[in-house]
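Residue numbers (the numbering used here), protein chains in the order written: chain C, 1 to 301; chain W, 302 to 602; chain Z, 603 to 852; chain X, 853 to 1102.
Derived by calculation from the structure, the hints in this document are not laboratory data.
One or more of the hints may lead you astray.
Computed Cβ-Cβ distance ranges for the label pairs, DEER-style [unchecked claim]:
| id | chain 1 | residue 1 | chain 2 | residue 2 | range |
| --- | --- | --- | --- | --- | --- |
| 1 | Z | Ser802 | W | His502 | 36 to 44 angstroms |
| 2 | W | Ile344 | C | Leu72 | 51 to 59 angstroms |
| 3 | W | Trp318 | C | Glu205 | 24 to 32 angstroms |
| 4 | X | Gln901 | C | Gln14 | 53 to 61 angstroms |
| 5 | C | Arg249 | W | Thr483 | 19 to 27 angstroms |
| 6 | C | Thr182 | X | Pro984 | 45 to 53 angstroms |
By construction, the Cβ of each residue, glycine as well, lies at the ideal position given by its N, Cα and C atoms.
Spelled out from the first residue to the last, the chains are:
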Amino acid sequence: MLKIWRTKLGYLGQETWRGLRRGGWMNWAAISTVTVLLFLFGISLQTSWQVSGLLNQLGSQLEVSVYLEPGLSGQVMRPTVLQFPEVASVEVIEKDEAWKSLLQDLGQTDIEGATEGLGQNPLVDELKVNARSAAQVPQLAQKLARVRGVDGVEYLDEALKNLIEINRGFSRLSIVVIGLLTLTAIAVITTTIRLIVISRHQEIEVMQLVGATKMWIYLPFILQGVTFGIIGAAISWGFLSGIRQFIYRLLTDQPNFLKVVSDGLRLSNSQLILLPLILLGFGSLVGLVGSLFAVRRFALR
Amino acid sequence: MLKIWRTKLGYLGQETWRGLRRGGWMNWAAISTVTVLLFLFGISLQTSWQVSGLLNQLGSQLEVSVYLEPGLSGQVMRPTVLQFPEVASVEVIEKDEAWKSLLQDLGQTDIEGATEGLGQNPLVDELKVNARSAAQVPQLAQKLARVRGVDGVEYLDEALKNLIEINRGFSRLSIVVIGLLTLTAIAVITTTIRLIVISRHQEIEVMQLVGATKMWIYLPFILQGVTFGIIGAAISWGFLSGIRQFIYRLLTDQPNFLKVVSDGLRLSNSQLILLPLILLGFGSLVGLVGSLFAVRRFALR
Amino acid sequence: MPEPIDPSLQISPQPTLNPSSYTVQLRGVTKIYPKTKFGLVDVNLRLKQGSFLFVTGPSGAGKTTLMKLIYGAERPDHGEVLVAGNSVGVLRGNRLSHLRRQLGVVFQDYKLIPRWTISENIAFVLKSQGVPRDEIERRLRPTLKLVGLQKRAECFPDQLSGGEQQRASIARAIVGSPKLLLADEPTGNLDQENALQVLSILTKLNNLGITVVITTHDMHLIQVAQAPVARIYNGRLHMVNAEQAASERV
Amino acid sequence: MPEPIDPSLQISPQPTLNPSSYTVQLRGVTKIYPKTKFGLVDVNLRLKQGSFLFVTGPSGAGKTTLMKLIYGAERPDHGEVLVAGNSVGVLRGNRLSHLRRQLGVVFQDYKLIPRWTISENIAFVLKSQGVPRDEIERRLRPTLKLVGLQKRAECFPDQLSGGEQQRASIARAIVGSPKLLLADEPTGNLDQENALQVLSILTKLNNLGITVVITTHDMHLIQVAQAPVARIYNGRLHMVNAEQAASERV
Ligand SMILES: Nc1ncnc2c1ncn2[C@@H]1O[C@H](COP(=O)(O)OP(=O)(O)OP(=O)(O)O)[C@@H](O)[C@H]1O
Ligand SMILES: Nc1ncnc2c1ncn2[C@@H]1O[C@H](COP(=O)(O)OP(=O)(O)OP(=O)(O)O)[C@@H](O)[C@H]1O
Ligand SMILES: [Mg+2]
Ligand SMILES: [Mg+2]
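So here's chain C without its partners, still in its complex pose (with noise of 0.2 angstroms):
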């Protein structure tokens, strides 16, 4: 039973590896399909990690104004505004250093001739306070206006909104460009393995002329499937790294501009390593159920 059970298995890899040897073209036809769709869905996935990760630095560097009411001191309320859990760091400016860097940005030197002129200082304490992600910002910027000793809030209300919803309106646009292109993964290499199928009907019906089980004559070609299914992963797990150490090496050779820009695109490690294993689950996931379509009609008859 054993033996027979391992002249099963042996046929059933013999099979597979025949039928990719004497493929030939047909196999480059549906690698290469395979290939382009999980190119595509890798680019897909990675752009929409890198685009939310470029969101978290733009938004990490988004800081919300505090403008304290006249009189009160910002390193006395630091502490309070520090409790806040979306808080990630305070800055205190206090209302002499930032009229001192007014008046030097007006040319003007005489400080004191100035301010005497004004009656006072006409500043508050501010404090500069960053959020720990971009999308909290929004709230904890009407938190902090309701904090007694708070005269006024300021954020660039209008501009992080609208990247908070572009990266919205992608999320959804690429859940529909992935599942699309699932769709026309399959379709592809069921279409490939159908040909294939097709182009040796007349050894298939010879096989079951002949006696072979349903199973032993398509086995072969779902492991084919499957095979062009992960053949096509490495491959566009090759490109796709190709490429994104080339954009990184672009970028790095940008003055510190787009250091931001640059930080945001890299992947983390645990995206790292999580690329080719989704490209590789889906890719044979993609090779089986494409070659069980090709052969379902077939098969089941």
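Fit chains W, Z and X with the ligands to the supplied structure of chain C, relying on the hints for placement.
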């Protein structure tokens, strides 16, 4: 003679059509791969157009701030600056206006008092100069700095340079990507037509044995390849238009923050006409070259 | 309709008491192809284990159709086809596959797989039954030698002459030691010497208890074999004795 | 080597004065397949326009190889094959196609295109010569009727019996009114009546001046036809007269 030609053309049309009709699944393999590839090509082309549009849009919003020497009037300098060919428009911001709004920003209402305190209005007249295109801004700024009566020039130097750099990088990248895609498209269509040729090798052998010329045998395959290209172009153009509409709608729902982006993404009329023509030309070229490659090996023996 | 000639062979419309004692049994079988309106009409046939039958008849009479009904490539419109007690017309999937493994078929158009060598073509029958590799090796050589193809084992079908392909097809049919051997025109492309050689192989297998059905146009073969002959004419099966068949122009 | 039997047919190694007066001429032709080391050795043959030749020999002797050399599917290793004065071995591309249009070939394995109906299969020969559609229609029916397939015109090859496919292949070979007809085992799957019918068709064509070469294992056919016979044995061509051939066990 004419009759024979008509018969021959009739045969070719009929055979091509028969090949398509009987091809069934095979056609869809070919058409779907061509569609995917033309779609990618179209997206890439369209994006490259859109990014340059966007950059121009953004660039034209970038302005050079020209600070005049104290005492010089902006209205007097305006005609001089307008003479530069790169200049699209000039806005004058007089120092009194600027001072007023500054003091208002600081919460100060006693303007005369404040001015007296400082001895005089510490500001100078300023010209806000818009360039015709983003790429011209740096030179324009240099030229303006050399004009007599100009104290200093400021513009978003770094940011603009980087945008231009990115645009250039993107152009190069898209040329590479389009080149690769073209090769892929040709490879895929070659593979598909060759698959069809191989799956009919029996027929082809018989045709040769009964005296059909190579031309007679292979022209229908070539026409079939071109047909694939044309159909793929049509479908991918449909997809592209649909997605473009979708993105427009997404963006016009957004507040005016994204107006600039939305305008930048819009294609010009000539581009709207060019896109389907390029897709069609590229599709049929790919179909032609692909099918020529596919039959070459057989036809040249 | 003439009387049955051989005790192991009967043509009768009435049902029997013990149907499974026959290797092949056709009861009132009708099969008409919709497209051409040709085929077989009301065929009754019983073959005991170990019997030997020639089927003859003009081109397009329905000989191949009879074979196809027995190995389950066509299903009867009416009536029942029993092979080793199983109704072939209703078997599907793995049960049909299992039945076919007990059959050896020489197809009229050989049906060799073009991309496999001759030995792969023949070994496949054994492989698909899960026969271990060494056992396959052991059986392959003698079978190839039997049909005179030992030197063509590694050739592909299109590297063989027509007659060699036919002999390869015969080798594939007999390599699995089937219980029932169906040979559709197995000597059409063979010279007389090879044809007689094939006949003697089939006769030997028959002597080992294998049931053999051969369709042929070769009168000489029928004369030599002296076995029962069924003649299909206009879709109907008639029994003739061997001498009568040979003297007719079938 | 026996003497030539018919004035229209000679086997000789020496060159002739007017080579183009022969439809087919083989001069010292050797063709050995590398894989099997079998084939033809030093074959000399001359067929005048309008001659009729049977080629016989055991399975695997080289009959099909001879045919393939004449219609240019194989090229000789040595020697020259001339058809209507053209050296087939060096013709390529369109010139080979044009030569083939003057040939009708019945292939041993029929070579019908599975996805085309019988009438499409037959009409294709005319189509590829640019014959107008109405002319094709006019020629198709009588040819199909000649081989008894008028009712199978719209069937696909796999809807025909073996013998019907063979007759379809014969119809395709003769529909273009070729100057030279090569029939490789054209009656292997036919009953005697149909075989004799085919022979009478080929004889009629021969009487119209068409050169006919037939390979066959059917001794009865050779006896009936009373035409010259060449026998291939171990790759070498020998002439035998018809009676001798028929009495031998070829
Ligand atoms: N799949 C099919 N569809 C339609 N008609 C068919 C089909 N198969 C066979 N026929 C028709 O049925 C008839 C019997 O065919 P069959 O193949 O059984 O003949 P046969 O006796 O084997 O003839 P031959 O000696 O020429 O092989 C023929 O007229 C043939 O045209
Ligand atoms: N393509 C090939 N490659 C290798 N060997 C070949 C090839 N074609 C034929 N042969 C061998 O050449 C020999 C002659 O083949 P051929 O087909 O000419 O025989 P034949 O006389 O037509 O036989 P049959 O009567 O069986 O059709 C055979 O032994 C065959 O195995
Ligand atoms: Mg038959
Ligand atoms: Mg032969």
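For each hint, the structure was consulted:
1. Ser802(Z) to His502(W): 36 to 44 angstroms: Holds: the Cβ-Cβ distance is about 39 angstroms, inside 36 to 44 angstroms.
2. Ile344(W) to Leu72(C): 51 to 59 angstroms: 55 angstroms, holds
3. Trp318(W) to Glu205(C): 24 to 32 angstroms: 28 angstroms, holds
4. Gln901(X) to Gln14(C): 53 to 61 angstroms: 56 angstroms, holds
5. Arg249(C) to Thr483(W): 19 to 27 angstroms: 24 angstroms, holds
6. Thr182(C) to Pro984(X): 45 to 53 angstroms: For Pro984(X) against Thr182(C), whose Cβ atoms are near 52 angstroms apart, the range 45 to 53 angstroms holds.
Hint compliance for this structure: every hint is met.
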